[in-house]
Amino acid sequence: MGNTPLAFDEMINADTNPRQPYQNYHEWYEGQDRARLIAKSRDAENLFRKTGITFAVYGHEDSSEKLIPFDIIPRIISGREWRKLAQGIEQRVIALNAFLDDIYHKQEIIKAGRVPRELIERNVAFLPQMIGFKPPGGVYTHIVGTDIVRTGEDQFYVLEDNARTPSGVSYMLENRETMMQMFPELFHLNKVRPVEDYPKLLRQSLASLAPPGCSGKPRVAVLTPGIFNSAYYEHSFLADMMGVELVEGSDLRVVDGKVKMRTTRGYEAIDVLYRRVDDDFLDPLTFRPDSALGIPGIMDVYKAGNITIANAPGTGISDDKAIYSYMPEIVEFYTGRKALLENVPTWRCSEEDSLKYVLEHLDELVVKEVHGSGGYGMLVGPTASKKECAAFAEKLKARPSNYIAQPTLSLSTVPILVNKGIAPRHVDLRPYVLVSDKVQIIPGGLTRVALKEGSLVVNSSQGGGTKDTWVLED
Amino acid sequence: MLGRTANGLYWMFRYIERAENIARLIDAGLRMALTRSGSTDEDWDGVLQSAGVREDFDSAHNKLTSADAIDYLLRDYSNPSSVMSCIEAARNNARMVRTALTRETWEATNECWIELKLALSKRVKPADMPEIIDTIKRSTGLIRGAFHGTMLRDDIYNFSRIGTFIERADNTSRILDVKYYVLLPAIAKVGSSLDNKQWESILRSVSAHRSYSWVYDGDYSPANIADFLILNDRMPRSLAYSYDKIVSNLGYLAKLYGDNHAAHETASATLMLLRSRTMEDIMEQGLHEFIEEFIAHNNRLGEEISDGYRFYR
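For the protein sequence lines, the chains are V and Z, in the order given.
Residues in the first sequence are numbered from 9 upward in steps of one, following the working numbering.
Residues in the second sequence are numbered from 2 upward in steps of one, following the working numbering.
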């Protein structure tokens, strides 16, 4: 596919007219003084800094706390577009949970030959400890963030299913808060569906999946690795907004078969733990013995039905990049219908033919590490130098099964505010999904935007910013 | 409330209090240097001692100069009691207990950190010192204002207040510990003008040089100054006032939780001591001994509170 000169712009169509969802906004924008908007944009940054909405960048001594740049031009999705997306996401999330339930129980999808056994069982994200265990309510992924990209009027692709501990929802909420503070008039001109009840819905959703051993009102807590974690702000924000305790591993201990937290009055039980700590670190008795972030013995309490862990341990197998390429089969296998949302075509480098193709077309492809995240360890062929491509080819040949490759999609653009006015930049979208006895999709999500002209990398660790995301009522 | 949260609140407010106190000590030191002729570097010896960092300073410096002393007290991260270290520690604790704080209190703390980090990013020129001291007092004052104006009067409030007053009592008693000899009657009889400057410096380091003259009608005497800092229960930085607050906040916790700890006994006993003694009693016992004993009790109380309310285990 290579470099497509003209990406699909979500605000301005090919005839240089505003697309329908952006009509009111565009008209408003035309009437604005640019200097005022730039000043507002600076206000927004100060607001974020003051509030402490920062993230830590690992390995940067001098800049340990950074702001994710916020762009004041919203990303707008029509109600019609959203309904279509939401149906596809719901189908996919249902399939993810069914898939997890299956591979930890009967493994019918393996028996049916749709997914290779070794891909599951040799995968580090697959936890044998979960075999035969049904989490409370049968829910594995309580919170999902499905990364979606768009390439045209009706072309949406799922880029990634984040089924472990998707982050960024605090930015969705703070971005909306900031926009409503700065441009209240825009919310009169547009009927924007609200996102602010997310913390309430999250709490209800978590509480509704209390373990069988819980009597009375379930006590929910958020488990954080601590203030030096890159997403700590979000952990404290969510705990605060939900009105539940924010705990660290050192606060918790297994007492009388329950997970309890050390309070100023003694130990008190927790029923549902929304953990923002990776599987590996959750229980030093079961997983990494050197983990100081987890709770020794929590897995035993879990299996005895005395605590709910959200998301369930072992869900990582479902959003693994090696599994990703099987998602169309997975969705069809469990829902009996074709996947409503498309996957990005993916070459599995573990397969000989694919590897050959990928090596021959490195300059056109995006190559990703199967277990990587945050945009690290990947090659963006079209923008990489010959030397970078050659070096990457060596890594690829050394460990082919560690990589997948995808075509460079011409991601849609939405304008950002720059000194000279507005300029298109590539975006993606992460809607947030809550699963309990029902699937709830928050209308909106986090739009990440690559601030550098032409760049396709939207990750905050690599120069990405965010936008408020509006889903209109129509 | 989590034991760790109580611990975080306690230390957040101890560090804010300490940052302010260090700024006040520097202020008094600068003032002393201005009002005296001749070499002034020695005056900083007392300031470093009052801040409890004299020995650490020596291990980092060959000789004592006022410029180095000020820098060490103000912005040296290797000094855990420097203003910048304290503000950083206070903010880290605030981040840890973020869910226990109102948005206003958190933002005032965060803004204080942002402002001071910038203001103290370089060595401060002597000409800029008054402004810096002012900035420290103002930005920590804003935290206090937000805290008092918005926080619920529950256990969160109590642990914060206890931290403030344990630190404050510690600070005032250290100043007394370093300067007690100035207040001894035998030496005071000499009545040299140098001693008057020393007294004034003591009062200034607890921001009490104005209030003192109102309360004691302009009568500067060592016994009165000691009385003001130790026994006067209206003076907000005195030992008696600090303990009054500690005891009442511990009392609220006992009522709320329905149990008493060793800390309650220690605090009440200390308060009783401060209420039942007169300055003459204390001078007779020995001012120095009295202060040393007080500091030891105050430290023990800190540990008992940490144990009783499960700060760490």
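Calculated directly from the structure, the hints in this document are not laboratory data.
Keep in mind that the hints are not guaranteed to be accurate.
Pairs of lysine-lysine residues, derived as BS3-like cross-links and limited to a Cα-Cα distance of at most 27 Å, are as follows [said to hold, decoys possible]:
id: 1; chain 1: Z; residue 1: Lys198; chain 2: V; residue 2: Lys58
id: 2; chain 1: V; residue 1: Lys74; chain 2: Z; residue 2: Lys256
id: 3; chain 1: V; residue 1: Lys428; chain 2: V; residue 2: Lys329
Simulated restraints, written as ranges between beta carbons of each label pair [to be verified]:
id: 4; chain 1: V; residue 1: Arg57; chain 2: Z; residue 2: Tyr78; range: 20 to 26 Å
id: 5; chain 1: Z; residue 1: Ser249; chain 2: V; residue 2: Leu209; range: 39 to 45 Å
id: 6; chain 1: Z; residue 1: Asn93; chain 2: V; residue 2: Thr24; range: 50 to 56 Å
id: 7; chain 1: Z; residue 1: His62; chain 2: V; residue 2: Asp308; range: 53 to 59 Å
id: 8; chain 1: Z; residue 1: Asn93; chain 2: V; residue 2: Leu209; range: 30 to 36 Å
id: 9; chain 1: Z; residue 1: Tyr253; chain 2: V; residue 2: Glu53; range: 53 to 59 Å
Example chain Z residues on the side facing chain V (calculated, C-beta under 7 Å, incomplete) [unchecked claim]:
id: 10; residue: Ala7
id: 11; residue: Leu232
id: 12; residue: Asp282
id: 13; residue: Gln286
id: 14; residue: Tyr310
The beta-carbon is built from N, C-alpha and C at its ideal position, and this holds for glycine as well.
Against the structure, the hints come out as follows:
1. Z:Lys198 x V:Lys58: 42 Å, violated
2. V:Lys74 x Z:Lys256: Measuring from Cα to Cα gives roughly 43 Å; hence the hint is violated.
3. V:Lys428 x V:Lys329: Violated. Lys428 of chain V to Lys329 of chain V sits at ~40 Å, over the 27 Å cutoff.
4. V:Arg57 x Z:Tyr78: 20 to 26 Å: 21 Å, holds
5. Z:Ser249 x V:Leu209: 39 to 45 Å: 42 Å, holds
6. Z:Asn93 x V:Thr24: 50 to 56 Å: 51 Å, holds
7. Z:His62 x V:Asp308: 53 to 59 Å: 55 Å, holds
8. Z:Asn93 x V:Leu209: 30 to 36 Å: Distance hint for Asn93 of chain Z, Leu209 of chain V holds at roughly 31 Å.
9. Z:Tyr253 x V:Glu53: 53 to 59 Å: Between Tyr253 of chain Z and Glu53 of chain V, where Cβ atoms are some 41 Å apart, the hint is violated.
10. Ala7: 5 Å, holds
11. Leu232: 32 Å, violated
12. Asp282: Violated: closest Cβ of chain V sits about 37 Å from Asp282 of chain Z, beyond 7 Å.
13. Gln286: 36 Å, violated
14. Tyr310: 4 Å, holds
When the structure is compared with the earlier hints, violations turn up for hints 1, 2, 3, 9, 11, 12, 13 and for no others.
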